[in-house]
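Can you build the whole structure from these sequences, using the hints too?
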Amino acid sequence: MKYGRYIKHEVRRTFRNRKFFLFSLAIPLGLYYLMSLGHQNERIGVMKQGEYYMVSLAVWGAVTAVVAAGSRIAAERDAGWNRLLRLTALRPLGYFTTKTLTAYLVAIPTLVALYAAGAADGVHMPAASWAQMIGWVLLGLLPFAALGILLGLVLTAESMGPALVGVMVVVGFLGGIWTPVESYPQWLRALCHSLPSYWVTHAGQASATASSAMNGQGLGVLAAWTAGIGIAGLLLYRRTTRRA
Amino acid sequence: MTTTDPAGGITLTELRKHYGPVHAVNDVTLDIPAGQTVALLGPNGAGKSTTIDMLLGLTDPDAGQVRLCGLPPARAARAGLVGAMLQTGHLLRQMSVAELVDMAGALYPNALPTRECLELAGIGHLARRKTHKLSGGQMQGVRFATAIVSNPRILVLDEPTVAMDVEVRRAFWHSVRSLAGAGKTIVFATHYLEEADTHADRIVLLAGGTVVADGATTEIKAAVGTRLVRATLPGATGPQMSALPGVTTATVHGDTVTLTCVDSDAAGRALFTRYPQARDVEILGVSLEEAFVHLTDTTRTQGSPA
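In order, the protein sequence lines correspond to chains P and G. If you want the numbering used here, it's the position in the first sequence, counting the first as 1, plus 412. If you want the numbering used here, it's the position in the second sequence, counting the first as 1, plus 800.
Just so you know, the hints here were simulated from the structure itself, not pulled from any lab data. Please read all numbers here as calculations on a predicted model, not as lab measurements. Among the hints, a few may not be true.
[Unchecked claim] Okay, derived cross-link-like pairs now, SDA-like style, lysine to any residue, Cα gap no bigger than 25 Å in a straight line: (1) P:Lys431 to G:Asp831; (2) P:Lys431 to P:Val581; (3) G:Lys930 to P:Val581; (4) P:Lys414 to G:Ser896.
Okay, here's the thing in structure tokens:
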């Protein structure tokens, strides 16, 4: 990896920021216990409650972790770091790649923590289902990694906090983290199905019940959002490294 | 000496940049051969930072061309040929000094080993210090280290000594001089004439976005003039006064005329001969600093008809 040493420093720097783990790890983990403890075997649709919240809150925490990459980007821009980057060999695509990889690496502890908590609590899945779930969730995080970068390039460090909370609320509600979107009215369900938040959550949930996790529509939605947000971000990157 | 070495020189050709009606930089042409140390000298608002931003490719000029080592700025930067210490911003947090410099170095093709870079920048003793526990001068030292970590051919320093105390400043210039000795092309912006005088081979004096003087330090001193002749002379005009022998610039405020002179004897004699009504004549020796302030003020006054 060409910029491996750069990514290593980025990840280490992020892990040193304790506040970061409040949102991406402590809150999802705490909510998991709050929602499922003592109710593991009650049903939400076809899923056991323990499974449902393990899968959903792992997605929710991981989405939060990758979008929170934007907070670091906003702070780096504030520090004039992006101007310095312009004077390095790092090109825009390299910037996006390193930022995305960093965001993923930083999201991994959240997935591990939630899955470990679930497994310890009696969630049982065949190895193939675990693998399928993790694979789809990682793919489904891609538009959110792009969103984090875009927000970081547009917003100030101060406004990133509220924006992140906003994303967490929207993803929680429209993604079906708290209750299945199947219980929503028809029009709202249609909206949910057009957003990546639904598909990343659904892919995780469906993998756990060994039903069909992804389809053409889902892949199309994920690809379209990733491409749209990614291209907007690339165009903005050039602009934001300049002095206004 | 005056031809550009494509391997390490800088060429700015008729650079222009305006922000709305303000001409930040207006027709700046400079040819800096490889290995030269050049001071961009001028007061705030003279166009130093805008010139530097265009030189580095951080701002696109409205017109004109920049070549670094014969390349457009973006390509020179990608090749790791350019290092810059910029004025804006602070340091990334949650890192030690050595980590920050190492992180920057990871983005260049031929970076210096981090340890060597820190020593070269004179901040080896700060390697393990957290970036948020540094004084202003130490932060400047770290910025300097990130500027040289790529082992660049061209080094650009925008007001590098701001916030440095005397000790740090001395160590800093020592490092810069050793880099100059190693053949780097160095451009630094400053509004301290003394720094330009001491550390540059050549001074480019900017005012109102244009080059008002360009030459060796001694030439600049001669061109600027270091004596003032002041007199009370009702009805005098700027052009009349500027035309007097030995005068570089003249200002007229009400009845008071102030002449900056390279030859105050000639100027004084001519003043009395041509304008016998002149009175209260004083001849003052001024520091180069004062002469320079006077010169750049005058240029600005002439530049804007208001």
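So, going through the hints one by one against the coordinates:
Between the alpha carbons of lysine 431 of chain P and aspartate 831 of chain G the distance comes to roughly 51 Å, so the proposed pair goes past 25 Å and is violated. For the proposed pair lysine 431 of chain P and valine 581 of chain P, the alpha carbon gap of about 19 Å is at most 25 Å, so the pair holds. Taking the CA atoms of lysine 930 of chain G and valine 581 of chain P, the gap is near 35 Å; set against the 25 Å cutoff, the hint is violated. This hinted pair checks out: lysine 414 of chain P and serine 896 of chain G have alpha carbons roughly 23 Å apart, not beyond 25 Å.
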